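> Listed below, chain by chain, are the residues.
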Amino acid sequence: MQTWETRLVREPPPRLRVEHELRYELAAPLVRRAALWADLGCGSGVAAEHASAGFEGRAVLVDSAPDALEHAGRLVAHATTLQADLATPEGVEQVRTTLLADPPPGERVVTCFETLAHLERFAPLVELLGVLAQDERFTVLLSVPNDAFWALENPLHPTVWGEGSFEELRGLLPEPLVVLRQVPLAGSAVVVEGQVAGGLTLPGVDLGGELVPSHFIAAFGPSAHELGPRARAAGVDADAERRRERQRESDLAVLEARLADPGPPPG
Amino acid sequence: MKVAFVLNNLGLYGGVGIVVEHARRLRADHGMDAQLVLAPRERRADWTHAGLVDVPVRTLDEARGERWDLAVATWWETLPAIYELDAARRAYFVQSMEERFYGPGEPERAAAALTHDLPLAFITEARWIAEQLRALQPGATVLYVRNGIDKAVFGPVPSPPVALDGPLRIVVEGSPDVPLKGVPDALAAAAAMREPHTVTLVCADREAATAAGARADRVVGPLTPAQMADLYDDCDVVLKLSRVEGMSAPPLEGFHRGATCVVSPVTGHEEYVVDGFNGVVVGWDDEHGCARALDLLARDRGHLHFLRVNALATARAWPSTGRSAETMALALARIARLPSPDPTGSGARVLAAARAAMEEHAVQRRDHQRLQTRMDRVERIMSRGPLRAARKLASRVRRS
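In order, the protein sequence lines correspond to chains A and B.
Quick note: the first sequence uses this note's numbering, first residue 1, plus one each step.
Quick note: the second sequence uses this note's numbering, first residue 1, plus one each step.
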């Protein structure tokens, strides 16, 4: 089932969380050896934390939501936070100034996962990413969701992305460009009762044929060519998922009842 | 950034409307000084495109005296004008491979084809055009910017109504006089249906279509976009059997209002039509096959609704004109930032295209001369009068 949750917190459905963590794992080898890493649209930093293990450089976490940013600042080591609205030229200029003011020598990486879809206007940010890669030697990784496939009207995504819009976007990014398609997997496991099945090895998965991607990932800049296939799997906490679904159903019923009968005006 | 979009006219053409809307949005939302420059000396047949009041329209003479960051040709005949402008960069917004608008013997065909060999950055609305341009000029900058739909007018309906019964309501759009639009084919296919249906033909010249005996229950037009949206609201199927399109808008506009489509496999349909999922793609020149496809939709209302639901979902994900202008702004900025295309190779391409056109012309000329020789012979015989009279004359001569 497609859902709207995009702000990653500790309890999202496993599929969303694995997808997000995988993107950061993809970036992790580049981040680990970078002197400067910017995560644009970092949210609460839960997934960014995955990329930051072993990172010794300077991290700049950018988001428009102060509470999420404060949370991210606590999770990611060596991080400074910047509250900026990436949908505006002013917010993008703040990022540019922060990143280019006295950058430390060494490799530079920008991650910008699932951020463009949250922006009413994405042109200023896309232009900045191009400039950072072309003129300032940043390696940039960005992703957009394939919302168009499901025709999801996500209230948190003012711009719809999909195969067509990604095709438009890739022409606007600097060459050489590495394009990756993130595809969903399904699985199941058998475990022995009473035994902890940590580090379970999964067999090879045949991804032959044209699978519809859940996300499109583009990488460009000096180290983009190092990226390659990668997968991640996680157990499903069905108990938490059930609680979550039932909570949604219950909340929805209550809200609909309130809408139908708002009751006497307050006071 | 100061951008000149060079147009050939401001007539009632979809392609002109798209350029006008881009210019308006680029000015209003992206801080660009986008202007329209008319290439011909005389203005012809202006149409009140929405948004035209917000965009300066300049003559070529006026524009020639100014410095431009970017000059963008929008039709093959506007190419010479962009070279007359003092512009830092030049680009070509290609909305179709325009040589296809002309027949094999027409000189414009070769001239239009030749413009795709020029060393320019290209922007186009459809992937099939992008692929052709990349094949013609490997390494050229070819940027893809889809035409947006004005969601203020064609805002997607919440859900398509379920039409369990009643005649299948078909809309055909286009002038019957323009062969490339395939309107007579569409009307003939609808007329060949067995199931109950109604056909509404929308065309700019309603009286001419009626006088020509267009086989439709109703002929309307010209319609404003808002009137088109109202028409699609009362429609199940947009029937479009065009032979040449860059990317046809009417079926997609119909999608927004809850209609599905039956289309020919014309170039650009693949941008949004998936056969059997959100519309039906029928074969070329298959009047009866098309009629049977329409009959199926008229009979199987479950299938009709399935197509309409998916058509609406496709519409929801399609970019608005605002989104399209944002991508256009990025495309123009990228072209302005990139160095001018290397003209090496362009001369060879242009000469090769000219050579091909010349040889095609030579073949046509030989055919013409051969026909002329035959016609001369026929005319000589005809000039001697009717054959029977000639025989009588011959026998009289023999008798005498």
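Hint data in this document are derived by calculation from the structure and do not stem from the laboratory.
Among the hints, erroneous ones may be present.
Just a few of them, taken from the derived set where beta-carbon distance is under 10 Å, the chain A residues facing chain B [as the list claims (entries may be wrong)]:
id, residue
1, F55
2, G57
3, L169
4, E193
5, Q195
Here are some of the chain A residues that sit facing chain B, going by a computed Cβ distance under 8 Å [claimed, not checked]:
id, residue
6, P14
7, R15
8, F122
9, E127
10, D147
11, E167
12, P176
13, L177
14, D239
Label-pair ranges, simulated between beta-carbon atoms [to be verified]:
id, chain 1, residue 1, chain 2, residue 2, range
15, B, E66, A, D102, 51 to 57 Å
16, B, F277, A, G209, 14 to 20 Å
17, B, D300, A, E210, 39 to 45 Å
18, A, V179, B, P167, 33 to 39 Å
Treat the numbers as computed from the prediction; the structure is a model and nothing was measured.
Don't be surprised by glycine CBs; every beta carbon is placed ideally from N, CA and C.
> All the hints need checking, so say for each whether the structure fits it.
Here is how each hint holds up against the structure:
{"no.": "1", "hint": "F55", "in the structure": "violated (31 Å)"}
{"no.": "2", "hint": "G57", "in the structure": "violated (29 Å)"}
{"no.": "3", "hint": "L169", "in the structure": "holds (8 Å)"}
{"no.": "4", "hint": "E193", "in the structure": "violated (45 Å)"}
{"no.": "5", "hint": "Q195", "in the structure": "violated (46 Å)"}
{"no.": "6", "hint": "P14", "in the structure": "violated (26 Å)"}
{"no.": "7", "hint": "R15", "in the structure": "violated (21 Å)"}
{"no.": "8", "hint": "F122", "in the structure": "holds (7 Å)"}
{"no.": "9", "hint": "E127", "in the structure": "holds (6 Å)"}
{"no.": "10", "hint": "D147", "in the structure": "holds (7 Å)"}
{"no.": "11", "hint": "E167", "in the structure": "holds (6 Å)"}
{"no.": "12", "hint": "P176", "in the structure": "violated (13 Å)"}
{"no.": "13", "hint": "L177", "in the structure": "violated (13 Å)"}
{"no.": "14", "hint": "D239", "in the structure": "violated (34 Å)"}
{"no.": "15", "hint": "B:E66 <-> A:D102: 51 to 57 Å", "in the structure": "violated (41 Å)"}
{"no.": "16", "hint": "B:F277 <-> A:G209: 14 to 20 Å", "in the structure": "holds (18 Å)"}
{"no.": "17", "hint": "B:D300 <-> A:E210: 39 to 45 Å", "in the structure": "violated (29 Å)"}
{"no.": "18", "hint": "A:V179 <-> B:P167: 33 to 39 Å", "in the structure": "violated (48 Å)"}
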